[in-house]
Structures are given as C-alpha cells and as structure tokens.
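Chains A and B, in that order, are what the protein sequence lines are. Start counting the first sequence at 806; every next residue gets the next number (this note's numbering). Start counting the second sequence at 3; every next residue gets the next number (this note's numbering).
A hint or two may mislead.
Per the computed footprint, the stretches of chain A lying under chain B, defined by three or more beta-carbons under 8 Å from a beta-carbon of chain B, are [what the hints assert, rightly or not]: (1) 816 to 830; (2) 835 to 843; (3) 849 to 855; (4) 863 to 872.
Simulated from the structure, these hints should not be mistaken for lab results. Beta carbons: idealized from backbone N, C-alpha and C, even for Gly.
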Amino acid sequence: MYAAGLMNVVVNGEAREVSARTVRELLEELGLGDRLVAVERNQEIVPRAAHGETALTEGDALEVVHFVGGGRGQGGSR
Amino acid sequence: MSDTQPEIQPPDDELTLGDHRFHSRLVTGTGKYTSPEIAAAALAASGCEMVTVAVRRVDLSARGAGSLFAMLSEGGYTILPNTAGCYDAESAVRTARLAREMLSTDLVKVEVIGDEKTLYPDVPGTLEACATLVKEGFTVLPYITDDPVTCRRLEDLGCAAVMPLAAPIGSGLGVCNPYSIELIVQQSSVPVIVDAGVGTASDATAAMELGVDGLLMNTAIAGAPDPVRMARAMRAATEAGRDAYLAGRIPKKLYATASSPLEGVLGAGS
Chain A
806 MYAAGLMNVV VNGEAREVSA RTVRELLEEL GLGDRLVAVE RNQEIVPRAA HGETALTEGD
866 ALEVVHFVGG GRGQGGSR
Chain B
3 MSDTQPEIQP PDDELTLGDH RFHSRLVTGT GKYTSPEIAA AALAASGCEM VTVAVRRVDL
63 SARGAGSLFA MLSEGGYTIL PNTAGCYDAE SAVRTARLAR EMLSTDLVKV EVIGDEKTLY
123 PDVPGTLEAC ATLVKEGFTV LPYITDDPVT CRRLEDLGCA AVMPLAAPIG SGLGVCNPYS
183 IELIVQQSSV PVIVDAGVGT ASDATAAMEL GVDGLLMNTA IAGAPDPVRM ARAMRAATEA
243 GRDAYLAGRI PKKLYATASS PLEGVLGAGS
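Just chain A, with the same shape it has in the complex:
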C-alpha cells in the first residue's frame, strides 16, 4: 500500500492515473460525487451502498454512466 501513489485505471475507455483508492473516492475525484450515476467495475455492477468499500486495483476498467435525453435508436442526444 502506497498511500500517496497514483494508480492506473481505465474510466469509460480512457486511461487515467488516479489517487482514489475506492469507487467512492474515484467519483469524488472525477467531480461526480453528487451526481446520479451507476458504476461498473470490470463488468460487474458496484451497488451504490458498496461504493465506499469497493477498492480499486491497478488496471481496473470502470464504466460510469448516467442518463441523458433519448427516445430510441441512437439516443444520447442531450
């Protein structure tokens, strides 16, 4: 454990160096602490209640999603 060190993770397909050690810390570091999001870590959903205790490990792939305006088809328009 090297408290001050940075860890390499992939968030939404983008490689990042983060100081966060848990999912909750990661969301705070990304400025998403108060946003309604859902998180997948290595393709497994991390329930909101477990964000604080779910530790990140080197090389983790995380998906952070929210919802946006959309009806169908490509969706995703804001």
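Based on the hints, put chain B in the right spot on chain A.
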C-alpha cells in the same frame, strides 16, 4: 321520482404495465429537444406520466449538473430507461442492469438494433435480452418489428408489453402496416404499445383506433417546429383514438342514411 340523473361517464381506463398503472396512454422520449425548458413544457403539454431516457457514459471532460433528472423528478414522471444504441443482447442487458442500479426501477425498454439504416430491431438479440431480463425480475417492454409471431414469443417469455414499430424510428410515416398491428392487438394479452413511426396527430389517432393500448414517441414531438403545441395535439389525438376505439365505429356503408326523422317533413304525403 328523483331529478338527480346519474351522470353518464365512460368508466376509468388505465394502462397497466407490470405493477405500474397510468392514466395517460402516451409515453414520450426526452431526446432531440433544443432546450431543457422546451422539453419540460412539451412533456407537460403531452400529459404523459412516463418518459424514456437513454443510459450513456458520463462525459468526463464536460461539466454539467443533472438538469434532466431534476426536471423529471420535479414533474413526477415515471422514468423508463431504455437500451437505445445497443446492437447486441449483452450490452442491452448490461445497460438495463446499470439503469436499475441508478434509478431503482424495474422498468426497462429493451432495444437491440439490428440495422443502422432502418434502425430495425435485431429479433434474436431482442429475444435473448428479454429472456435474461425477465428472469432477473425486470418489467420488460421490448421495441420490436410489427411481426405477430415475434410479438407472441416475447409475450411467452414474460414481457410486460410488446412495442411494435409503426414505421422506422424518426421516419414519421405513420402506421405502415395496420393489418399487422391489428393482428398483434387481437392475439396479445399484454398491452401493445406502438413504439416509433408516428409523424403527426392523425397517425396517433389511427394507431389508437386499431386498438393498441398506448403510444411511445419522441421525434414527432421534439422535432416539430412547435414541440409544445404538437405535444398537446398528440395528447388529444391519443385520447381521441382511444375513445373512438372503445366507443366502436359504425359500419361503413355505400349509400347515405338520413340521420333526421323522415316523418313530418313539410309537403310530404297529403
């Protein structure tokens, strides 16, 4: 004799999807609006109680509050997450699970697209995703082709409704195959919701007159030059079509039938 006559009113008419009940039979999308204010006004004018939203990666380079969620919460809308943009069963299932975690809802509009140009559904992919999601306890509402056999398969899997397209997404062509839609209505014991293809108010009424239980639309409202007014038109059109269907239309006849009494016409007889 009492002079208080019972008021003649049609009975209350609700749309039931799983454990969810709605008075409005119009479900709207939240995409393509030019501003959140216009979206909010159009949703209100449509009278809809449920709105569908897409699930996407957060753009980490952009900052912005969740204004959409605030608006939908304030409006008291039931949120129907969709799997729009998914091209295979696996990503649709992942998207549905994320949506459930985020919104604490069992509702999901399953969309597995099979073709980029027509945005027609991938039928095997849709069946696979629905089978998994029904087993996981979701209230599954699949977007699907207007094929009665596929709709029956989806119903057999345990979907809470079937949502055949009237025409391709965003095409505004109206109900291209009323025969298929009518067959689906006849055979289904779950609600039938026409999802996609409605272009204007008369399309909405025509679909409802076929006996479908509801309509889902986005582009017809959001893409109209005056979305708020079109939303109001769609509300009235949906209600008109539903009432006309329940009331029952008169048979078509080749010749005229007078609607005024024939007796007592001036100059008639002697």
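Verdict on chain B covering the segment 863 to 872 of chain A, where coverage means 3 or more residues with a C-beta closer than 8 Å: With 5 residues close enough to chain B, the hint holds.
Verdict on chain B covering the segment 835 to 843 of chain A, criterion of 3 CB contacts below 8 Å: holds (count 7)
Taking beta carbons only, do three or more residues of the segment 849 to 855 of chain A come closer than 8 Å to chain B? With 3 residues in contact (Cβ-Cβ under 8 Å with chain B), the coverage given for the segment 849 to 855 of chain A holds.
At least three residues with a C-beta closer than 8 Å to a C-beta of chain B: is that true for the segment 816 to 830 of chain A? Result for this restraint: holds, n = 4.
Comparing the model with each numbered hint stated earlier shows that all of them hold.
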